[in-house]
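2 protein chains.
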Amino acid sequence: MALDTYSYTDPLCVGLVQTQYFHHDGTLPLESGQQLGPLTLAYETYGTLNAARDNAILILHALSGDAHVAGFHTPDDRKPGWWDVMVGPGKAFDTTRYFVLCANIIGGCMGSTGPKCVNPATGEPYAMAFPIITIGDMVNAQRLLMDALDIPRWYAVTGGSMGGMQALQWATAYPERVAHCIPIATTHRLSAMSIGFNAVGRAAIMSDPHWQEGHYYGGELPTNGLAVARMVAHITYLSEASMHQKFGRQLRHAEDYAWNFDPEFSVETYLHYQGDEFVKRFDANSYLYITKAMDYFDLGAVAGTLTNAMAVAQARFLVMSYTSDWLFPTAQARELVRALRFNGLDVSFVEIESPSGHDAFLLEHEEMTKLIRGFLG
Amino acid sequence: MALDTYSYTDPLCVGLVQTQYFHHDGTLPLESGQQLGPLTLAYETYGTLNAARDNAILILHALSGDAHVAGFHTPDDRKPGWWDVMVGPGKAFDTTRYFVLCANIIGGCMGSTGPKCVNPATGEPYAMAFPIITIGDMVNAQRLLMDALDIPRWYAVTGGSMGGMQALQWATAYPERVAHCIPIATTHRLSAMSIGFNAVGRAAIMSDPHWQEGHYYGGELPTNGLAVARMVAHITYLSEASMHQKFGRQLRHAEDYAWNFDPEFSVETYLHYQGDEFVKRFDANSYLYITKAMDYFDLGAVAGTLTNAMAVAQARFLVMSYTSDWLFPTAQARELVRALRFNGLDVSFVEIESPSGHDAFLLEHEEMTKLIRGFLG
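Order-wise, the sequence lines are chains A and B.
Going by this note's numbering, the first sequence opens with residue 1, and the numbers climb by one from there.
Going by this note's numbering, the second sequence opens with residue 1, and the numbers climb by one from there.
I should point out that these hints are in silico values taken from the structure, not numbers from a laboratory.
Heads up, a few of these hints could be off.
[Claimed, not checked] Ranges of calculated distance between the beta carbons of each label pair, as one might list FRET restraints: (1) Arg334(B) / Gly377(A): 43 to 49 Å; (2) Gly344(A) / Ala331(B): 38 to 44 Å; (3) Arg338(B) / Glu353(A): 23 to 29 Å; (4) Ala331(B) / Ala51(A): 55 to 61 Å; (5) Gln18(B) / Ala331(A): 44 to 50 Å; (6) Glu353(A) / Ala258(B): 37 to 43 Å; (7) Thr40(A) / Arg334(B): 51 to 57 Å; (8) Pro209(B) / Gly377(A): 55 to 61 Å; (9) Phe342(A) / Glu351(B): 31 to 37 Å; (10) Phe342(A) / Arg78(B): 46 to 52 Å; (11) Glu367(B) / Gln250(A): 34 to 40 Å; (12) Gly248(A) / Arg338(B): 17 to 23 Å; (13) Ala258(B) / Ala148(A): 32 to 38 Å.
The structure displayed is predicted, hence computed values, not measured ones.
In this text, a Cβ means the ideal position worked out from N, Cα and C, and glycines have one as well.
Full structure from sequences and hints, please.
The following block contains the structure:
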């Protein structure tokens, strides 16, 4: 599919869509012991919920994602939603058969309640008064939406990276409400290395003088710190091979070295560009809260072991990992698969050959489509 | 060897040593076309130069290293030099047989001429008026020292990481002056990924408001930016396995989560500690200049290919890489070995099994000692 000619009128496209907002007037008890509420959760839907209300698929997004998974918001949009290759008529998540819903997360900055929102207790933005949230809290907020939409059970829950963490959380926290679970490029808990990279990102943000202990709303934003956080994270989403292929040692604008400190290697200008673009759309405090939620996620912690934690699950599982993903490597997917199989669960596991690193889950849509369509039946 | 009982009186120790300073009153033409001078180069020596002046071994250090490779500066020092495990009586570089010299680098901040030094043209610190320097320039400055000491040929040149780059540069820029070359955990040119990590480090420093375009000497230092640069670099020196083994998901001070943004995972507090320690001893501008020199290093660039570049070499080579080093992976060492062998050079290559990542070259001294002693004969 050539993206340059792909538009909302394409027969493979879900068309023009709008983000919707679910409001919950009560409070949500959080794992920290605190409460959050009232709260708003952004979401989008595609396709039609059938009369039996049993064809709903929940898609969950990664750190920097949003509810806009497919289609276009306006005819002038240059790009469709972030996983449009996977959601639409005849695609992996076929909107002629399924009612597909993508739910945003609390703590974020893409339309749901997060640190940049007004704290009803003070009339000011929450900033760092926003409570620490967990992957479990994100899922509990999504369950409020599920109940409001009167969906008894998800036909499937799926997501890549942090979206996969939410999918796993759904399958264990609400086992009777998940028929199929497709965790992709994910893990039941971050490695020390991943926690380390998140720590670097937070250090970059929190040492930016504009961060001001989180009270930067209405003033200058900690864009430098957030850009550095994004730059380092972006490297972890790629692979040595994909960076070599994409950039090598190419210089961006010249044949010869510049002999100064302006970014000049293509990989350098690319990372700076990624950093600069990210700060236009993302809130630095949300970056802190979401990375912390990822660090805290440890599915086996309460039950003692991952195998114990998985004992309650009822879903059929399709676990996917990618050969060159060094952030959430295949070894972590295998741990998950072992724990699921130990409990007698129906598990398919595929390690997909890809040079694209962690980002492969956004790119290897052809093989994933075959696997997912086969799995969903 | 238990470091806590190891002291300058140990028979395996070179004893108390002092850093020496070589002054060159002239100027050094640089690869950029600029000149640098007068200049100072810090160095240390251990053992005795023989009458034939043919037993000198040159050790070259990595990004953050210095000339103090072995022994103690004072009886009260808690730690010996950075590669003391490798340099001393009976060690890999046996000071009863060899005259071992460790030379610092121009552009650095450990006693040699670098951006924090006074620019004779202005009477102020160079800061960003310091010229861009290359690995070739570092080696050319070291050659001035070699000539001043009247050493006709190094019996061996060696170093890990950026030290290995300098060793390779020596073997090709001054082939007749290098009898043995031992490049360790290094590469003939950085990968896109490594350039990317360096770009992140520089971005962190240059976006620190205390950096002030490099003019921070005498004022507040860009410690936050430099600490972030060190934190991210430090992750790249380890491996997922070593971080898992060392830290796992352990919390530093408590059994349960803190539910705030204080560093709490052991890996987090460790990285913050590494960052905080580093800024006490390292100059942020030197970090910019040295990482840039690494980015610019491309041994095959002038000759067209690495094989062509290596055609001039005369040394015997011992190339070492480490299984878990993902910063300078074995695949890069193999490229080097292929180019050397294509030219009919005498090359030994060993990939050492180690979980310690890039830092393995500082740690796997037992196997390295056997290999190096065998190689040096």
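Any hints from earlier that this structure breaks? Give me their numbers in increasing order, please. none
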